[in-house]
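K.L.:
Sequence:
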Amino acid sequence: MALRKYTKARKVRRTLPWVLVALFWTTSAGAQDKLTLDGYLSDMPALYRIPGSHLWENSLHNRLNLHAYPADWFQASLQVRTRLVTGNTPVKLPGYGEQLGRDPGWMDLSWATDANLGENAGLALSTVVDRLWMQFSLGDLEIKLGRQRINWGQTFVWNPNDIFNAYSYFEVDYPEKPGSDALRIQYYTGTASSLEFAAKIDSAGKATAAGYARFNAGGYDIQFLGGVYRGSDLVLGTGWSGNVGPAAFRGEWTYFRDLEEFADTTGHGMLSAGLDYTFPSGLWLQAEALYSGFAADQDFGSILGYYAGTMDVKMLGFTPWSFFSSVSHPLTPLLTGGFAAMWYPAWNGAFLGPNLALSLKDNLSLSLIFQYLTAEFDGPLTGPHRENNAFAFLQFKWNF
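Sequence positions in the sequence shown follow this note's numbering and run 6 to 405.
Just so you know, these hints were derived from the structure itself, not from any lab. It is possible that some hints are incorrect.
The calculated DSS-like cross-link candidates involving lysine-lysine, where the alpha carbons are at most 27 Å apart (straight line), are [what the hints assert, rightly or not]:
| no. | residue 1 | residue 2 |
| --- | --- | --- |
| 1 | K211 | K39 |
| 2 | K402 | K182 |
| 3 | K211 | K182 |
All chains should be built: construct the whole structure from the sequences, respecting the hints.
P.N.:
Written as structure tokens, this is what we have:
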């Protein structure tokens with residue numbers, strides 16, 4: 006059985022120091038009460054119906070979160086996710102194993118291998134360190150260095166302000182969301198206000214750096230940000246969250262302008278805004294819209310190119326306008342049902358996503374998730390046609 010390992014051209018000096026720091030944290034923490042370990046184990050069989058293929062797989066997913074608190078002013082964390090995928094996806098989808106172990110950060114903290122288990126089945130195994138940071142707290146000042154999540158988003162589905170680590174709404178097995186190899190400095194000026202600076206380097210060696218200010222005015226949390234995105238764009242943005250009557254009202258706007266063609270372009274803007282409301286019965290209603298100025302420049306000949314592609318904040322919307330709505334309601338104290346839908350006018354397309362979540366015990370859950378995507382395309386070889394994709398997931402999850 007031939008195994009293929011995927012690595013990147015990274016120098017050892019980029020990875021080894023961080024591994025040594027992680028070992029130092031775990032050994033220097035000392036007393037047991039200064040270390041915590043938690044995580045989860047999930048098993049998720051899945052069926053995929055894409056044009057021309059029926060695919061199946063089973064994903065066994067383990068996450069370990071180690072936190073160290075050696076002093077009041079210092080804490081650190083090492084978090085690792087490991088996935089074993091078996092089925093026909095590793096052999097039917099070229100590059101599946103490589104994509105599973107892909108590490109978009111400056112540090113290459115991933116490992117992956119795959120193997121054939123016969124003519125129509127295979128496996129892919131990956132381990133990645135997706136959090137590895139240390140934080141210093143000095144009064145109102147916090148400094149965090151390492152792989153971390155920098156979340157500046159306000160809305161639920163699309164986050165134009167999330168310039169450091171964008172994520173896909175369609176991801177069903179990664180609630181933690183991706184992180185960045187970054188430096189983040191936060192200074193709290195009040196209970197609802199702060200000033201921040203953050204900078205990261207990605208796997209391509211491109212730097213994103215921005216300043217951020219957050220404050221409260223008129224009952225709204227308001228934020229502004231500005232900086233450079235991936236070394237190529239000036240980026241400016243704002244966001245808000247508050248209430249319109251009884252409903253929560255959130256939004257984000259971000260503007261990108263190419264630095265190399267600054268005088269010859271007007272740049273592109275992205276805007277998301279949404280409302281949500283929770284009834285006393287527990288019924289939750291949500292609506293959100295996204296406008297993307299980048300959509301006209303993108304060339305997606307298939308939904309799968311967006312669904313399974315590498316996520317970038319500029320790719321949040323693949324049509325100029327996207328609309329979303331969802332509803333969820335506790336059907337019983339242990340069973341919650343939900344339904345989400347998206348509409349893409351430019352593609353005459355839609356997404357439908359019903360789901361059920363059952364709490365078996367305090368730390369044990371079972372979820373059933375369906376995703377259906379349909380859209381019209383006019384390809385140079387295929388001509389006008391409609392593409393339909395269907396995905397079904399059954400997730401059994403144990404938290405510890």
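K.L.:
All hints are to be evaluated individually against the structure, with a verdict given for each.
P.N.:
Hint check results:
| no. | hint | verdict |
| --- | --- | --- |
| 1 | K211 to K39 | violated (36 Å) |
| 2 | K402 to K182 | holds (17 Å) |
| 3 | K211 to K182 | holds (21 Å) |
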